[in-house]
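The two chains are supplied separately, each in an independent frame; assemble them into the complex guided by the hints.
Residue numbers (my numbering), protein chains in the order written: chain Y, 1 to 147; chain H, 148 to 295.
Among the clues, some could well be false.
Dumping the calculated DSSO-like pairs for lysine-lysine here, alpha-carbon to alpha-carbon at most 30 Å [claimed, not checked]:
(1) LYS82/Y <-> LYS20/Y
(2) LYS139/Y <-> LYS274/H
(3) LYS139/Y <-> LYS82/Y
(4) LYS131/Y <-> LYS274/H
(5) LYS82/Y <-> LYS12/Y
(6) LYS78/Y <-> LYS131/Y
Just a sample of chain H residues kept apart from chain Y, beta carbon distances all over 10 Å, derived [to be verified]:
(7) VAL165
(8) ALA237
(9) SER255
(10) SER264
(11) SER284
(12) GLU292
Far from chain H by the CB rule (all over 10 Å, computed), these chain Y residues [to be verified]:
(13) ASP16
(14) PRO26
(15) GLU43
(16) ASN65
(17) THR68
(18) ALA76
(19) ARG79
(20) HIS99
(21) VAL121
What the hints contain is simulated information worked out from the structure, not anything from laboratory work.
These numbers come from a predicted model, not from an experiment.
Built from N, CA and C at the ideal position, the CB exists for glycine as well.
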Amino acid sequence: MAHVERLANVLKALRDLKTKYSEGRPPSVTVGYSQNYAVYVHEVPANHPVGQDKYLETPARRLANDGTLVGLVIEALKRGHKIAIGLLRAGMRIQREAHPLTPEDTGALRASAFTCYTQDVESVAAEAHAKGEAVRLAKQEGAEVMT
Amino acid sequence: MSGSLTHSPSQVIRQLLVDLGHGTLPSAAGSWPIGVAEDADSPPSAIWVRGTESRLHGRRMSDGQYYERYGFQVLVRDTRYEDGQTKARAIAIAMDTNVRQAAVTISSSTYIVHVISRSGGVLDLGKERSTSRHLFSINALAAIEQAA
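For reference, chain H alone in the conformation it holds in the complex (with noise of 0.2 Å):
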């Protein structure tokens, strides 16, 4: 979909990870706590969502808006790599099983993820250069459209 948000994609995917319970607020200072485009240092398992470059598909012919799929990108973090590839993985098969127009509340702000297309596999990217804990990504495309 396209059009405004009030809110930006990473943290409308944030909260609807959290909702799906694949990890929680930071500020809930609870497992596995899921940023918005910056990591962490600590704790050391951690998932972050960042923004990506989008897709378009075509225009509306009422108003010229795009259709667009908005780019994101999920890295999770681990000391153990079974726990990081056990969790990413979990994610991945949520993304692709668990979103049908899921509604997902922001403040006041509602949002309908329609539909989320992985654009490919869970990515093992080895081990932070400074800290050798495991990295993983996720990368995909989110339908989103603000309903109120």
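Same shape as in the complex, but just chain Y (with noise of 0.2 Å):
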């Protein structure tokens, strides 16, 4: 059978990385559209006159691939940053290169975005759904907006 020298500490220098860059429970950040109307419209082909649809998969998948999300939240730890920051940045970055993939008719759907920590989601897109409301209502009494 084979033998594993110093296992032990191997173990515990796991551990402690894990106590410096993770706190509490795993670390996860949302990133998301509040408006009720946003998955229909990721999720349906359609010929849209500005953006597409997978507006936010597509570039989730892309920055993935190419090794930028990873990049970021590694960048974040050689910072001295908690996991936790890392993943916020690295969903700040999809929802940026979202932004103009996403259908624009009257800006709502584009300010409904958010980045947020998963516990929070609740409040954050009430916010964000909040935000696409009014900015809806703006357009329709025929302010200019800018999204």
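Here's what the structure looks like:
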């Protein structure tokens, strides 16, 4: 049977790293859109004058494939931050890349985008939904809105 | 897996679903026709498969090719919510449990679908805006290799 020397030391080093870079339960970040038609627009193929369907999935996979998301987490760790911070930055990058791909009509969908720790998603999504609705109403009233 | 495919991943998945008994080729004029890339307006009960962004999982040292899982989406449409939901759910379960090294033949080409990994549950998309037919989607990744 193979003998692994100093295995206890390796395990201790891994536990120390976990303590250093994570906190409490495993971190989780959510990126999303809170308009109630967001999933329909995301999933159903359509020719949009501006943007496309799969406006969130496409950039998320591309950024995962080219190593950008992992790179952002590693960069955060190297700067002494916790993994959660790295994940948040990765999520914000996805949101930023998704912005130009998000179909635009009134601007409400784009304005309803959010990134947050998953434990905060209810309150943050509600805020984002309110922001999206405000943009939609402003557009209906003829105001110019920057999204 | 990676490497070139004679047919698109969507065509392979469509044939797989036909082989598993979840639909028919449009040319067969049977129930639950399964289209690729675009849906036909009729019949109202229909399925179509389209490609989405793939996921890359490392590279082979021997030749540099990426291990790629092809992204795809299955869309199910029906005038009755219950029928559409049941069909979508059946397809999702079949992809989970009935696909292990599944051989698929299209014309003279043979493919192996090693495994399908869903990226989430069956999404209830509500109704088509123009027709009020119910829509459901399933998103997944497939490891596909051309065997011949």
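For this session: Would you assess whether ASP16/Y, listed as outside the interface, keeps its beta-carbon beyond 10 Å of every beta-carbon in chain H?
Result: holds, 28 Å
For this session: Say whether it holds or is violated: SER255/H keeps its Cβ farther than 10 Å from all Cβ of chain Y.
Result: The assertion about SER255/H holds, with a minimum of 30 Å to chain Y.
For this session: With 10 Å as the threshold, tell me whether THR68/Y passes as away from chain H on beta-carbon distances.
Result: It holds; THR68/Y is separated from chain H by about 13 Å at its closest Cβ, greater than 10 Å.
Exercise. So is ARG79/Y really clear of chain H, every C-beta pair being over 10 Å apart?
Worked result: holds, 27 Å
Exercise. Does the claim that ALA237/H lies outside the interface with chain Y hold up, using a Cβ gap greater than 10 Å?
Worked result: The assertion about ALA237/H holds, with a minimum of 19 Å to chain Y.
Exercise. Is it true that the CA of LYS82/Y sits at most 30 Å from the CA of LYS12/Y?
Worked result: Given pair LYS82/Y, LYS12/Y holds - Cα atoms ~19 Å apart, limit 30 Å.
Exercise. For the pair supplied as a hint, LYS139/Y and LYS274/H, is the alpha-carbon distance within the 30 Å limit?
Worked result: holds, 25 Å
Exercise. Within 30 Å, alpha carbon to alpha carbon, are LYS131/Y and LYS274/H?
Worked result: holds, 25 Å
For this session: Classify the label on SER284/H as holds or violated, using whether its beta-carbon is more than 10 Å from each beta-carbon of chain Y.
Result: SER284/H is in fact no farther than 10 Å from some Cβ atom of chain Y, at 5 Å.
For this session: Compute the least Cβ-Cβ separation between PRO26/Y and chain H, then decide whether it is above 10 Å.
Result: holds, 19 Å
Exercise. Does the no-contact call for GLU43/Y survive, Cβ to all of chain H over 10 Å?
Worked result: Violated, because the least Cβ-Cβ distance between GLU43/Y and chain H comes to about 5 Å, which does not exceed 10 Å.
Exercise. For the pair supplied as a hint, LYS82/Y and LYS20/Y, is the alpha-carbon distance within the 30 Å limit?
Worked result: Holds: LYS82/Y and LYS20/Y sit about 7 Å apart, inside 30 Å.
In summary, the numbered hints that this structure violates are 3, 6, 11, 15, 16.
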